[in-house]
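> Given the coordinates of chain B, assemble chain L onto it according to the supplied hints.
Chains B and L, in that order, are what the protein sequence lines are.
For the first sequence, position 285 (counting from the first letter as 1) is numbered 269 according to my numbering, and the numbering increases by one without interruption.
For the second sequence, position 31 (counting from the first letter as 1) is numbered 39 according to my numbering, and the numbering increases by one without interruption.
There's no promise every hint is true.
Here chain B is said to cover these stretches of chain L; the calculated rule only asks that three of the stretch's residues, wherever they fall, bring their Cβ under 8 angstroms from a Cβ of chain B [unchecked claim]:
#1 22 to 30
#2 35 to 47
Here are the computed distance ranges between Cβ atoms for each label pair [unchecked claim]:
#3 L/V78 <-> B/P264: 33 to 39 angstroms
#4 B/H187 <-> L/D72: 54 to 60 angstroms
#5 B/R230 <-> L/C54: 54 to 60 angstroms
#6 B/A147 <-> L/S94: 43 to 49 angstroms
#7 L/D60 <-> B/T71: 53 to 59 angstroms
#8 B/V119 <-> L/T10: 26 to 32 angstroms
#9 L/D72 <-> B/D281: 41 to 47 angstroms
#10 L/C54 <-> B/S246: 46 to 52 angstroms
#11 B/D174 <-> L/A33: 49 to 55 angstroms
The hints are simulated quantities; they were obtained by calculation from the structure and are not laboratory data.
The C-beta atom is built at its ideal place from N, Cα and C for all residues, glycine as well.
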Amino acid sequence: MTSLGQIPAGQLGQQLADGGVRLRVGPYIYNVRSNLATVVTGLSTLYRDFPLAATDAFVDFEVALHSRGPGQRWRRRANFYFDGRRTFDTIPCAQGHAFLEWGMNWCVSLYCNEYLTLHAAVVARSGSAVIMPGVPGAGKSTLCAALGLRGWRILSDEHAMIAPGSLDVVPLCRPVSLKNESIDAVRALDTRAVFGPVARETHKGVVAHMKADLHPDSHRQELIPAGCMVFPRFSRAEHQQLRERRRTESFVLAAYHAFNYSLLGEVGFDSLGRLIAAVPCYDLVYSDLEWAVATMDQLTGNG
Amino acid sequence: MTWHLTSAGRFFDTAEPTVVYFDPASGDTHLVSDFAAHLLRQLGDCPMTSADLVQQLVAAGGEDASVLAVAVSAALQELQALDIISPQ
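Extracted from the complex, chain B is given alone in its bound form (with noise of 0.2 angstroms):
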């Protein structure tokens, strides 16, 4: 199977700007378009080792950046397509590749209706996967990002989509999105993390995303059964700690953490509570990255 890094240097730029490159991104296919430097920079450095579905293949999410016209280049802002629509306000072209990757988790969060979605990381070990759900800025994507550089596997940086009438979760592997100080945070921790383009003055702030597909599992797409839920919490003020949490607070969190699951309807309630029954669930308070992963190892078993 060709993945984009085969794509000869110099062509990705006009193959974006053309028909688009077909990315398979776990069970979906994204045709990306661009015009913009930004992105052909992100692709090439974060998505070389994704393979391209044929050209042939049924695109599920049809999405661009382009920067159109005269007055939008000269300003040098751009918009975000989806089917060919313009579905947010303009932005600038620097910030190009964070607003792709953002609009790529959009069309997830709005589309994918066939599972219970939950707004967390996923990570996993041994054939187990750690659901850790997480309000931004929570510190699950950091936390992803470090597992991530450890040896884990990355299943998402941002949606544990569960099968409904089922554990499985289904690996959806994307760069991690990191912000502000935890992007140095990671950089400190390995020297080997891959960054894609900075974008500056984001409204999150500094906004970077890391090659996630380190594992050489990263691009299969059996899915996983979860072993665990863990809600991450960075924080300096407290002392780090892993703790158990009663399931039926955990049930009510995760549900919170849910893009779809008021959706779902009883359908949402049945997934959870299926979930939240078999996994145990924890906390985890956390200032030190290499005292969260040696923890998480412990907790799974491989410490």
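Just chain L now, with coordinates in the frame of chain B:
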């Protein structure tokens, strides 16, 4: 006043001090005390007055009726505020 469930709800109960209650009519999910969940189960069997509920709790070996009456009244008020139960 007779109380009844606004719809036949679902429980996620793992023998903890709290229980998750799903109301299919509204799609809302609530975290309620195990005591409130017990009352909801009783009302799910058949509509009852608060006096009926207290009597059942006493018969089941509960505390003093006057203490239970206060607890039942407070729990029913909370459940009504959540639109899970309503008076007939």
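> Looking only at beta-carbon atoms, does the pair B/R230, L/C54 fall within the given range of 54 to 60 angstroms?
Violated: the Cβ-Cβ distance is about 31 angstroms, outside 54 to 60 angstroms.
> Just tell me: holds or violated, for the beta carbon distance of B/H187 and L/D72 against 54 to 60 angstroms?
holds, 58 angstroms
> I want to verify a distance hint. Is the separation of the beta carbons of L/D72 and B/D281 within 41 to 47 angstroms?
violated, 53 angstroms
> Has the stretch 35 to 47 of chain L got at least three residues whose CB is nearer than 8 angstroms to a CB belonging to chain B?
holds (count 3)
> Kindly confirm whether 49 to 55 angstroms is satisfied by the beta carbon distance between B/D174 and L/A33.
holds, 51 angstroms
> Can you tell me whether the CB distance of B/A147 to L/S94 sits inside 43 to 49 angstroms?
violated, 37 angstroms
> Do L/D60 and B/T71 keep their Cβ atoms within the hinted range of 53 to 59 angstroms?
holds, 56 angstroms
> Quick check: does the Cβ-Cβ distance between B/V119 and L/T10 fall within 26 to 32 angstroms?
Violated, since B/V119 and L/T10 (Cβ atoms, about 42 angstroms apart) do not stay within the stated range.
> How does the coverage statement for the stretch 22 to 30 of chain L fare against chain B, requiring three or more residues with Cβ below 8 angstroms from a Cβ of that chain?
Held - the stretch 22 to 30 of chain L has 7 residues with a Cβ nearer than 8 angstroms to chain B, which meets the minimum of three.
> Quick check on a hinted range of 33 to 39 angstroms for L/V78 and B/P264, using CB atoms only.
The hinted range 33 to 39 angstroms holds for L/V78 and B/P264, with Cβ atoms some 36 angstroms apart.
> Could you tell me whether the CB distance from L/C54 to B/S246 stays inside 46 to 52 angstroms?
This hint is violated: roughly 30 angstroms between Cβ atoms.
Comparing the model with each numbered hint stated earlier shows that hints 5, 6, 8, 9 and 10 do not hold.
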